[in-house]
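> One letter stands for each residue in the lines below.
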Amino acid sequence: MRQSALILVLGAVLGLCAYCGFYFAGTAPHRARIESQTPELDWLRKEFNLGDAEFERVARLHDAYKSECAAMCQRIDAKNTELKELLAKADTLTPEIENKLAEAGGLRVECQKNMLRHFLEVSRSMPPEEGKRYLTWVKEKTFLPEHRMHEPH
Amino acid sequence: MNGQDPNNEPLSRVLREWRVKASRTPRFQEEVWRRIARSEAGGERVWWKVCWRWIESGVRRPALAVSYVAILMLVGLSAGLVQARKDAARMDEALGARYLQSVDPYQAPRH
Numbered sequence: 070m071r072q073s074a075l076i077l078v079l080g081a082v083l084g085l086c087a088y089c090g091f092y093f094a095g096t097a098p099h100r101a102r103i104e105s106q107t108p109e110l111d112w113l114r115k116e117f118n119l120g121d122a123e124f125e126r127v128a129r130l131h132d133a134y135k136s137e138c139a140a141m142c143q144r145i146d147a148k149n150t151e152l153k154e155l156l157a158k159a160d161t162l163t164p165e166i167e168n169k170l171a172e173a174g175g176l177r178v179e180c181q182k183n184m185l186r187h188f189l190e191v192s193r194s195m196p197p198e199e200g201k202r203y204l205t206w207v208k209e210k211t212f213l214p215e216h217r218m219h220e221p222h
Numbered sequence: 004m005n006g007q008d009p010n011n012e013p014l015s016r017v018l019r020e021w022r023v024k025a026s027r028t029p030r031f032q033e034e035v036w037r038r039i040a041r042s043e044a045g046g047e048r049v050w051w052k053v054c055w056r057w058i059e060s061g062v063r064r065p066a067l068a069v070s071y072v073a074i075l076m077l078v079g080l081s082a083g084l085v086q087a088r089k090d091a092a093r094m095d096e097a098l099g100a101r102y103l104q105s106v107d108p109y110q111a112p113r114h
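Protein chains in written order, with the working numbering: chain R, 70 to 222; chain Y, 4 to 114.
These aren't lab readings, by the way, just hints derived from the structure by calculation. Since we're looking at a predicted model, the values are computed, not measured. Idealized CB from N, CA, C, for every residue including glycine. Check each hint, because a few of them may be wrong.
No farther apart than 16 Å at their CA atoms in a straight line, the calculated lysine to aspartate or glutamate pairs in the EDC-like style are these [unchecked claim]:
hint, chain 1, residue 1, chain 2, residue 2
1, R, 210, Y, 95
2, R, 148, R, 165
3, R, 182, R, 137
4, R, 201, R, 190
5, R, 135, R, 109
6, R, 169, R, 146
7, R, 115, Y, 96
8, R, 169, R, 154
9, R, 115, Y, 33
10, R, 115, R, 125
11, R, 210, Y, 96
12, R, 148, R, 167
So, partial list: chain Y residues that the calculated Cβ filter (under 7 Å) puts toward chain R [stated by the list, open to error]:
hint, residue
13, 35
14, 76
15, 80
16, 84
17, 85
18, 87
19, 91
20, 94
21, 98
22, 101
23, 111
Working from the sequences, and respecting the hints, build out all of it.
Listed below in structure tokens is the structure:
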């Protein structure tokens with residue numbers, strides 16, 4: 070009786086160990102990436118098969134663009150706040166709101182131009198095939214937001 | 004012998020007229036249900052015993068015991084692999100989104 074119970078428990082324990090072992094081994098690289106200092110860049114490196122030199126170039130470009138991007142974020146936030154205040158007060162489309170919407174639109178265009186410039190630079194720093202793939206992916210995810218409208222809710 | 008005589012008319016009359024006037028105990032219905040539940044639980048215990056005996060006899064055979072352990076290990080291994088792939092894909096997707104947030108001000112999280 071005891072021996073049978075022992076075999077049953079042993080089987081369950083070994084099965085559980087196999088599950089945990091394979092799960093942790095299978096997710097170890099991803100967990101390490103998430104816990105790294107620059108998870109998004111590490112992901113980029115792996116996803117687009119970048120070598121050391123290519124990764125270094127991409128990381129440099131990313132760092133330079135980051136400060137530009139942060140400044141743009143602040144400008145967008147400020148513009149959104151102004152627009153929000155105007156919209157809260159108005160119940161008709163005033164010239165002031167029109168101006169603010171145009172400014173917000175101009176800011177978006179400026180932001181998209183900066184982004185595209187950065188994406189092109191990054192893609193050029195990658196091996197040609199990977200660069201092409203990167204560009205297709207990033208353009209679809211940033212410049213073609215319409216696809217979200219067709220996603221099921 | 005007189006008491007066992009079927010032709011004993013006075014006794015037969017008394018028996019014909021005899022009516023049992025028994026009243027139910029106060030919690031009769033509850034008691035009945037309790038007995039039914041007890042008997043069913045006993046049945047389950049028997050079922051488990053049969054099942055356990057069957058498993059025990061199987062596990063005592065070395066080939067079956069090894070197969071049992073091997074199958075559980077295979078199941079664990081496959082489940083771990085499938086779950087790891089699923090979670091790795093989810094983490095990849097999250098990291099991709101994080102990259103986009105880091106380069107697109109319109110996708111960056113607002114505080």
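> All the hints need checking, so say for each whether the structure fits it.
Structure-based check of all given hints:
1. R:210 <-> Y:95: holds, 15 Å
2. R:148 <-> R:165: holds, 13 Å
3. R:182 <-> R:137: holds, 12 Å
4. R:201 <-> R:190: holds, 12 Å
5. R:135 <-> R:109: holds, 12 Å
6. R:169 <-> R:146: holds, 13 Å
7. R:115 <-> Y:96: holds, 13 Å
8. R:169 <-> R:154: With a Cα-Cα distance of about 11 Å, the restraint between residue 169 of chain R and residue 154 of chain R holds, given a limit of 16 Å.
9. R:115 <-> Y:33: violated, 70 Å
10. R:115 <-> R:125: holds, 13 Å
11. R:210 <-> Y:96: Since the Cα atoms of residue 210 of chain R and residue 96 of chain Y sit roughly 12 Å apart, the hinted pair holds (cutoff 16 Å).
12. R:148 <-> R:167: holds, 13 Å
13. 35: violated, 37 Å
14. 76: holds, 5 Å
15. 80: holds, 4 Å
16. 84: Holds - the Cβ of residue 84 of chain Y comes within 7 Å of chain R, reaching about 5 Å at its closest.
17. 85: Given a least distance of 9 Å, the restraint on residue 85 of chain Y is violated.
18. 87: holds, 3 Å
19. 91: Given a least distance of 5 Å, the restraint on residue 91 of chain Y holds.
20. 94: holds, 4 Å
21. 98: holds, 4 Å
22. 101: holds, 5 Å
23. 111: Where the cut-off is 7 Å and the nearest Cβ of chain R is about 6 Å from residue 111 of chain Y, the hint holds.
The earlier numbered hints that this structure contradicts are 9, 13, 17.
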